[in-house]
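Going down the list, the protein sequences come from chains A and B. Quick note on numbering: the first sequence equals residues 1 to 364 in our numbering. Quick note on numbering: the second sequence equals residues 1 to 364 in our numbering.
Note that these hints are calculated values from the structure, not bench results. Values in this document were obtained by computation on a predicted structure and should not be read as measured data. Check each hint, because a few of them may be wrong.
Derived contacts from chain A toward chain B, CB cut-off under 7 Å, selection only [stated by the list, open to error]:
hint, residue
1, Arg9
2, Thr28
3, Ser124
4, Trp129
5, Asn247
6, Thr317
7, Gly352
8, Leu353
Examples of chain B residues toward chain A, derived with CB under 7 Å [stated by the list, open to error]:
hint, residue
9, Arg8
10, Val29
11, Thr317
So the derived label-pair ranges between C-beta atoms look like this [said to hold, decoys possible]:
hint, chain 1, residue 1, chain 2, residue 2, range
12, B, Asp274, A, Glu73, 18 to 28 Å
13, A, Gly259, B, Gly199, 47 to 57 Å
14, B, Asp355, A, Ser51, 50 to 60 Å
15, A, Asn326, B, Glu73, 53 to 63 Å
16, A, Gly199, B, Thr144, 38 to 48 Å
17, B, Glu73, A, Asp88, 24 to 34 Å
18, A, Glu142, B, Gly138, 42 to 52 Å
19, B, Gly352, A, Gly68, 41 to 51 Å
20, B, Glu142, A, Gln348, 23 to 33 Å
21, A, Glu252, B, Pro341, 31 to 41 Å
22, B, Glu206, A, Glu282, 29 to 39 Å
23, A, Pro341, B, Gly240, 37 to 47 Å
Positions of the beta carbon are idealized from the N, C-alpha and C atoms, including for glycine.
Single-letter residue listing:
Number of protein chains: 2
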Amino acid sequence: MTLISPSRRVRRTPFSDGVEAAGVEAFTVYNRMFLPTMFRSVEEDYHHLKSAVQLWDVSCERQVQITGPDARELIQLLTPRDLAKMKDDQCFYVPIVDETGGMLNDPVLLQPDADRYWISIADSDLLLWVKGFAAARGFDVEVTEPDVSPLGIQGPKSDDLAAALFGDKVRDLRFFRHMKVEFQGREFTMSRTGYSKQGGFELYLEGSEYGMMLWDALMEAGKSMDVHAGCPNLIERVEGGLLSYGNDMTEENSPHECGLGKFCNSDADFLGKDRIAREAAEGPDRRVAPISIDGKLPLCDRAWPVLIGDTQVGQVTSAIWSPDFNTNVAIGMINRGFDDPGTSFQIQTQAGLRDAVVAPKFWN
Amino acid sequence: MTLISPSRRVRRTPFSDGVEAAGVEAFTVYNRMFLPTMFRSVEEDYHHLKSAVQLWDVSCERQVQITGPDARELIQLLTPRDLAKMKDDQCFYVPIVDETGGMLNDPVLLQPDADRYWISIADSDLLLWVKGFAAARGFDVEVTEPDVSPLGIQGPKSDDLAAALFGDKVRDLRFFRHMKVEFQGREFTMSRTGYSKQGGFELYLEGSEYGMMLWDALMEAGKSMDVHAGCPNLIERVEGGLLSYGNDMTEENSPHECGLGKFCNSDADFLGKDRIAREAAEGPDRRVAPISIDGKLPLCDRAWPVLIGDTQVGQVTSAIWSPDFNTNVAIGMINRGFDDPGTSFQIQTQAGLRDAVVAPKFWN
Numbered sequence: 001m002t003l004i005s006p007s008r009r010v011r012r013t014p015f016s017d018g019v020e021a022a023g024v025e026a027f028t029v030y031n032r033m034f035l036p037t038m039f040r041s042v043e044e045d046y047h048h049l050k051s052a053v054q055l056w057d058v059s060c061e062r063q064v065q066i067t068g069p070d071a072r073e074l075i076q077l078l079t080p081r082d083l084a085k086m087k088d089d090q091c092f093y094v095p096i097v098d099e100t101g102g103m104l105n106d107p108v109l110l111q112p113d114a115d116r117y118w119i120s121i122a123d124s125d126l127l128l129w130v131k132g133f134a135a136a137r138g139f140d141v142e143v144t145e146p147d148v149s150p151l152g153i154q155g156p157k158s159d160d161l162a163a164a165l166f167g168d169k170v171r172d173l174r175f176f177r178h179m180k181v182e183f184q185g186r187e188f189t190m191s192r193t194g195y196s197k198q199g200g201f202e203l204y205l206e207g208s209e210y211g212m213m214l215w216d217a218l219m220e221a222g223k224s225m226d227v228h229a230g231c232p233n234l235i236e237r238v239e240g241g242l243l244s245y246g247n248d249m250t251e252e253n254s255p256h257e258c259g260l261g262k263f264c265n266s267d268a269d270f271l272g273k274d275r276i277a278r279e280a281a282e283g284p285d286r287r288v289a290p291i292s293i294d295g296k297l298p299l300c301d302r303a304w305p306v307l308i309g310d311t312q313v314g315q316v317t318s319a320i321w322s323p324d325f326n327t328n329v330a331i332g333m334i335n336r337g338f339d340d341p342g343t344s345f346q347i348q349t350q351a352g353l354r355d356a357v358v359a360p361k362f363w364n
Numbered sequence: 001m002t003l004i005s006p007s008r009r010v011r012r013t014p015f016s017d018g019v020e021a022a023g024v025e026a027f028t029v030y031n032r033m034f035l036p037t038m039f040r041s042v043e044e045d046y047h048h049l050k051s052a053v054q055l056w057d058v059s060c061e062r063q064v065q066i067t068g069p070d071a072r073e074l075i076q077l078l079t080p081r082d083l084a085k086m087k088d089d090q091c092f093y094v095p096i097v098d099e100t101g102g103m104l105n106d107p108v109l110l111q112p113d114a115d116r117y118w119i120s121i122a123d124s125d126l127l128l129w130v131k132g133f134a135a136a137r138g139f140d141v142e143v144t145e146p147d148v149s150p151l152g153i154q155g156p157k158s159d160d161l162a163a164a165l166f167g168d169k170v171r172d173l174r175f176f177r178h179m180k181v182e183f184q185g186r187e188f189t190m191s192r193t194g195y196s197k198q199g200g201f202e203l204y205l206e207g208s209e210y211g212m213m214l215w216d217a218l219m220e221a222g223k224s225m226d227v228h229a230g231c232p233n234l235i236e237r238v239e240g241g242l243l244s245y246g247n248d249m250t251e252e253n254s255p256h257e258c259g260l261g262k263f264c265n266s267d268a269d270f271l272g273k274d275r276i277a278r279e280a281a282e283g284p285d286r287r288v289a290p291i292s293i294d295g296k297l298p299l300c301d302r303a304w305p306v307l308i309g310d311t312q313v314g315q316v317t318s319a320i321w322s323p324d325f326n327t328n329v330a331i332g333m334i335n336r337g338f339d340d341p342g343t344s345f346q347i348q349t350q351a352g353l354r355d356a357v358v359a360p361k362f363w364n
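Given these sequences and hints, build the entire structure.
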């Protein structure tokens, strides 16, 4: 790992002071904003995430806010998922695809208030796609990036921590639903979502100036639960098969390739419909798969070709050692016919070839 | 400075192996790609840049490639600059603005071949804006990010180095013009451009597989010129008043605010025309200015408020000590009436207040 140079362009967050005080060791950059990647060590953070509760500065999940009379019509055009099925308090995972059916982002859509939508984005400037589309078509909408920064509460003790600060009603919040919580006389939207399989919430901080008050209050309330600053954990997310946009899928991949076919159920005229309809009928040419790899691995910082003899049949894009499952866990995109569980092949890493096999399912 | 975690999402470049072998010390992330920021030290790199020649891995200046019959019409709609004035071999600095006149990017447009345009971008996914606009309006174009990675040759000995590899004809290339050069039997586009005031070229590597061959050949050819791996240098760029998108301007700023009024000369119906016409007539409410700051500065990793008493009259967004000019050089955006040379005010840094004054002009 190398050092990262600070500049305004790579943005700090409302929680950066807290993250630094908690001893962050490494970052990545996500939507031109700092995202912590390690506090104690990736393995220590992992064990703690699975046993206690962590605060995650996921401010980099920026919001594309859409208001105005045409908001819903615009969004429906941009996703293959049928928005008519979305409940008022629901968080809706919506693949966003371009006109060729390629994934541009895999965000969560919610309607925090009757008059506005938030698209909570992965790592691409989806704002520009939505704005460009709206401007070109003359939709009556306003598309902005508001001062909203999500704070994750993740881990098995998340309900206890959230209840300590916001009351027991948070325990009744259903998976992928949102509610309002109150803090210091202000209302914030909180959802039962998050980028781990350990349970928890995302609290949408609106107004950067309240960031550190909220961070400090949660740290204080969570002392007895061994709360610690944390972050999305590479081991845990690969075990759980949580895809990362830019790592495991790019604009070259369709929703069906990414295992997101079930979210392609709209009858409206959305972009990319031709490819999506064809792949729904015929199946995609390649598909995301869980892969178990033998031997010692270097850092997976590039796509690793998957080989059978000299023939490339896919690629691995995330991989790391799993202490709990005693194997290297990995996510790959594998050509049709080579993605059945038990299929063996080799992985070309920058440190040489490694034997690998398609696992029956993701581990968590 | 903290460590940066590797992942596929933050992309390596065709020259990364060379950059690492040359002993890179720090990176930033730019268009989700590594951009080196320091090799020996920022000051040592700076003195070397001003006296010798450097190879810069600026692959992160990604290209938005536009082909198809409607390409030119589409581009003209997206910029206030009149494309009719662009020569075939010219590199055209084109502010790209949204429908409100806010800057989305400040790229360079060129036409490397008769049938395609490249928009060589700063740090935002302009690809999505152009694609979204084209898809929504049904323009007959194809908009892609091709496998093209610019390599900078910068410094006073740039002509000597380029001539050593590509022949003496490169010496006749005019400022902001491009030509074809040959390497290993392949043609590449090279322009007399670059993000320094020291002179030099940008070579548009097309085909990642040729990256290290080109890097190694230039390193070999430049031995007698003390060639070294380098990168955009913060001191040198602030001295020269080279703005950085995301640092010194964002989508909140208009071209006139950024000092780019001279590039707003199109009579066509471009986006954001209302604001741009109004500011052309009345002047913008704030403007980029060179600022000299007293005292020891912390790292400028956030916008610093510019204060007269308790009143904020602007912000500073890039600042660093200049050994050659014996002052802290800075770039700010200052409200009208407070941007005249000699105006004094204070800067609120994270380490306290500093006295400052508007300089007569940028230093280089």
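Check each numbered hint against the structure and report the violated ones by number, ascending.
-> 7, 8, 17, 18, 21, 23
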